[in-house]
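Q: Below are the chains, spelled out letter by letter.
There are 2 protein chains.
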Amino acid sequence: MSDAIFTHAYDNGLVLAAQRMPWLRSAAFTLLVPGGSVHESADRCGLASLLSEMLDRGAGPRDSRQLVIDLDNLGVDRSGFVSAAHTGLGGAAPAENLAEALRIHADILRRPHLDETQIEPSRASVLHELRGIEDEPAQKTMLALRRRHYAEPWGRPSQGERDALLAANLDDIRALFRRRYRPDGTILGVAGKFDFPALRDLVGELFDDWPIGEPESIDEQPPTNGYQHLPYDSQQTHIGIAYQGIPYRHPDYFQAWGATGVLSGGMSARLFTEVRERRGLCYSVHASYHTLRDRAAVFCHAGTTADRAQQTLDVTLAELRRLAEGVRDDELARLKARMKSGLIMQQESSSARSSAIARDWYHLGRIRPVAELQSLVDGLTPASVNAYLAESPPTRFTVVTLGPEPLEVPRGVS
Amino acid sequence: MSDAIFTHAYDNGLVLAAQRMPWLRSAAFTLLVPGGSVHESADRCGLASLLSEMLDRGAGPRDSRQLVIDLDNLGVDRSGFVSAAHTGLGGAAPAENLAEALRIHADILRRPHLDETQIEPSRASVLHELRGIEDEPAQKTMLALRRRHYAEPWGRPSQGERDALLAANLDDIRALFRRRYRPDGTILGVAGKFDFPALRDLVGELFDDWPIGEPESIDEQPPTNGYQHLPYDSQQTHIGIAYQGIPYRHPDYFQAWGATGVLSGGMSARLFTEVRERRGLCYSVHASYHTLRDRAAVFCHAGTTADRAQQTLDVTLAELRRLAEGVRDDELARLKARMKSGLIMQQESSSARSSAIARDWYHLGRIRPVAELQSLVDGLTPASVNAYLAESPPTRFTVVTLGPEPLEVPRGVS
Numbered sequence: 040m041s042d043a044i045f046t047h048a049y050d051n052g053l054v055l056a057a058q059r060m061p062w063l064r065s066a067a068f069t070l071l072v073p074g075g076s077v078h079e080s081a082d083r084c085g086l087a088s089l090l091s092e093m094l095d096r097g098a099g100p101r102d103s104r105q106l107v108i109d110l111d112n113l114g115v116d117r118s119g120f121v122s123a124a125h126t127g128l129g130g131a132a133p134a135e136n137l138a139e140a141l142r143i144h145a146d147i148l149r150r151p152h153l154d155e156t157q158i159e160p161s162r163a164s165v166l167h168e169l170r171g172i173e174d175e176p177a178q179k180t181m182l183a184l185r186r187r188h189y190a191e192p193w194g195r196p197s198q199g200e201r202d203a204l205l206a207a208n209l210d211d212i213r214a215l216f217r218r219r220y221r222p223d224g225t226i227l228g229v230a231g232k233f234d235f236p237a238l239r240d241l242v243g244e245l246f247d248d249w250p251i252g253e254p255e256s257i258d259e260q261p262p263t264n265g266y267q268h269l270p271y272d273s274q275q276t277h278i279g280i281a282y283q284g285i286p287y288r289h290p291d292y293f294q295a296w297g298a299t300g301v302l303s304g305g306m307s308a309r310l311f312t313e314v315r316e317r318r319g320l321c322y323s324v325h326a327s328y329h330t331l332r333d334r335a336a337v338f339c340h341a342g343t344t345a346d347r348a349q350q351t352l353d354v355t356l357a358e359l360r361r362l363a364e365g366v367r368d369d370e371l372a373r374l375k376a377r378m379k380s381g382l383i384m385q386q387e388s389s390s391a392r393s394s395a396i397a398r399d400w401y402h403l404g405r406i407r408p409v410a411e412l413q414s415l416v417d418g419l420t421p422a423s424v425n426a427y428l429a430e431s432p433p434t435r436f437t438v439v440t441l442g443p444e445p446l447e448v449p450r451g452v453s
Numbered sequence: 040m041s042d043a044i045f046t047h048a049y050d051n052g053l054v055l056a057a058q059r060m061p062w063l064r065s066a067a068f069t070l071l072v073p074g075g076s077v078h079e080s081a082d083r084c085g086l087a088s089l090l091s092e093m094l095d096r097g098a099g100p101r102d103s104r105q106l107v108i109d110l111d112n113l114g115v116d117r118s119g120f121v122s123a124a125h126t127g128l129g130g131a132a133p134a135e136n137l138a139e140a141l142r143i144h145a146d147i148l149r150r151p152h153l154d155e156t157q158i159e160p161s162r163a164s165v166l167h168e169l170r171g172i173e174d175e176p177a178q179k180t181m182l183a184l185r186r187r188h189y190a191e192p193w194g195r196p197s198q199g200e201r202d203a204l205l206a207a208n209l210d211d212i213r214a215l216f217r218r219r220y221r222p223d224g225t226i227l228g229v230a231g232k233f234d235f236p237a238l239r240d241l242v243g244e245l246f247d248d249w250p251i252g253e254p255e256s257i258d259e260q261p262p263t264n265g266y267q268h269l270p271y272d273s274q275q276t277h278i279g280i281a282y283q284g285i286p287y288r289h290p291d292y293f294q295a296w297g298a299t300g301v302l303s304g305g306m307s308a309r310l311f312t313e314v315r316e317r318r319g320l321c322y323s324v325h326a327s328y329h330t331l332r333d334r335a336a337v338f339c340h341a342g343t344t345a346d347r348a349q350q351t352l353d354v355t356l357a358e359l360r361r362l363a364e365g366v367r368d369d370e371l372a373r374l375k376a377r378m379k380s381g382l383i384m385q386q387e388s389s390s391a392r393s394s395a396i397a398r399d400w401y402h403l404g405r406i407r408p409v410a411e412l413q414s415l416v417d418g419l420t421p422a423s424v425n426a427y428l429a430e431s432p433p434t435r436f437t438v439v440t441l442g443p444e445p446l447e448v449p450r451g452v453s
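So the sequence lines, in the order shown, correspond to chains L and E.
Take 40 as the starting number for the first sequence in the working numbering and just add one per residue.
Take 40 as the starting number for the second sequence in the working numbering and just add one per residue.
Derived from the structure by calculation, the hints contain no laboratory data.
Keep in mind that this is a model prediction, so the values were computed, not measured.
Be a bit skeptical, because a hint or two may be false.
Simulated restraints on C-beta separations [as the list claims (entries may be wrong)]:
no., chain 1, residue 1, chain 2, residue 2, range
1, E, E444, L, E253, 48 to 56 Å
2, E, W62, L, A81, 36 to 44 Å
3, L, G265, E, G119, 49 to 57 Å
4, L, E253, E, E173, 45 to 53 Å
5, E, T263, L, R318, 55 to 63 Å
6, L, L209, E, P270, 36 to 44 Å
7, L, D417, E, P443, 56 to 64 Å
8, E, D210, L, G171, 37 to 45 Å
9, L, G171, E, D368, 32 to 40 Å
10, E, H268, L, G171, 21 to 29 Å
11, E, P61, L, D417, 20 to 28 Å
Only part of the chain L face toward chain E is listed, based on derived beta-carbon distances under 7 Å [stated by the list, open to error]:
no., residue
12, W62
13, G114
14, P160
15, R162
Below, a list of computed lysine to aspartate or glutamate pairs in the EDC-like style, where the Cα atoms sit at most 20 Å apart [claimed, not checked]:
no., chain 1, residue 1, chain 2, residue 2
16, L, K379, E, D368
17, E, K232, E, D174
18, L, K375, E, E135
19, E, K379, L, E411
20, E, K375, L, E444
21, E, K179, L, E168
22, L, K375, E, D368
23, E, K379, E, D368
24, L, K179, L, E411
25, L, K179, E, D174
26, E, K179, L, D174
27, L, K379, E, E135
28, E, K375, L, E411
29, L, K375, L, E411
30, L, K179, E, E175
Backbone N, C-alpha and C fix where the C-beta goes; we use that ideal spot for every residue, glycine too.
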């Protein structure tokens, strides 16, 4: 499949990474722009999201309404997000509409109006998202955990903070746009049906006169870690536990990822079986692997009733510690079967592939073909995973709980 | 594409409906069993969900743990739901594992253990889902709206009611299983890579000795309609509005569906533009078309602050009424572009197709090829949609609000 993979780096730093899937009738694209929340100033947490909300509201020759009309006319099914590192914009459309969708997105990225009249509706929309999280105790717990576990600014919530969002004005928005919407660091992933030479020329026409940005550094703080309790008037308690992982580009990444998959992934994984099925302790429990470019973590969540919260925390921590004793062959075999299935599905979806190859470029500086992913997964053995676990056992946990009472957290956490 | 479509009806009523997508490496299946919430007794609302939760916890020769281990080993990405008419079970897997996944599902449907030891964890899980909805005011509003708009039992929430779920015992669960898990009315949709003669023989082997069930009728009550306010201590108000539609199998279905698409679908649709973008009244507003076999409705939701709730209700109702004046050519053209794109995506996913063809069989008694769907969408004109709207304008609204104060609802609603 690797002959279907193409990349092109333009002189100003913009990278086009593409995979042809000529049996499809669709094409999907993912634009990663280096304007994520780590690039906000600390007193403007949420500014990247506010800017992202403004982008659609008029760009190039189109006002806000014409822009959405034209994208709807192309049948573009859009997606967007703000992460720590990036603002992402993407879409999937019938293959013949890819070029026009990219033309409109060049206006969105390079020539948004960022118009005074659009700021209040944009702010209302971002504040509404934020209120939605306030109503979601599980999400609230996990955002606090992430903030505590990663050093600032990497743990910052992309949804922002209410006071900072209320304080942000058009100058702030325009300043972030000027600083961070730039070709150097921007990655365009495309997957589906397309002709690469034509695509490369089109992207050049749209983006190669985009000027490079100024160098910038990120001011990193040491993480807080330890234990934090968030009082919440409820009969339920949410528990978040984090420990350190290794990033995607680390050579041992798949060993670390495989260990987490044994813990949580599929219905036969350890946490689900031990904590939920056997002991009936809690309603939901899972762990997921999260990677940034230079750091990574495993984040676990358990939701339970207040009276079972202490036992749930104890049992979950015990399961995490038990991982250091190693994984079994049958556990790893199941994980590999699930992963193989997941890779097949990813390979059948232009949207999934366009976002995977853009992320590959960010983390690795190249596209990892599905066949290589498959062989990395195939190469996992209990011995290789256990060697990693022996060297890097889950330890030094960061814990956040949300509920009526704080819990007792073992020494070594707080 | 229609030469890729196969159906087979077994003597006991079970139907296999399949579409070959030989360029894929995956295969997906959707089982619709006639055991949805309309088949519960009124004092056991939620029993179908409780039964569905029990199915996985041991079936045939496998105990609860072995069952999930074996499905994980096959790389089956599972899905499930309970709707008014059906309990649905589905999965997608590498094509070579389809047969074994279906074998296990034959045990799940025909030989579940429904074991006493599994009832409390199952109940806890269903009650947890229910509590999740209690915390979601938007969903709570829409469930109350649906209940009020459709006649009982069609408006019943599949998540159930707390008291009914607490009262349900193993006898209730087993009785519902015996009555409603049956071949007559069960539809198996399959899409992806498979060999049809082998699939037909396998399904016959697994299911053709499954005995037909007893005839049953459903006791239908007249709907309540009118206006209902749910007091809720919040600064926000949620508004739900419903009006009658026509079901999928009605010859004018696409006209009615198209009118709703002009109202809400894509960012340039009327509700989003008028209510949210132009007037800044509310955070979210949308309408969606919902079809059962013999009835259908359009359900609208708007979420806003309490002080803007009355105006939001008035403006939204005015937009719904304005639909009777007809849709414009450009609005319909955008909708058709979006629909074309959606059909292309559906055609590229084995999961999406397996569920679409199972639903087609339920509603139409045949599979509608994507090409036919495309030509039905292509055939929509402002004249055809407007003829439908002139005859069946949005009227006789059912309204539910949730917030600190009831709203004033115009005559003709309550």
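Q: Which of the listed hints are not met by the structure?
A: 2, 3, 5, 15, 16, 17, 19, 20, 22, 24 and 28
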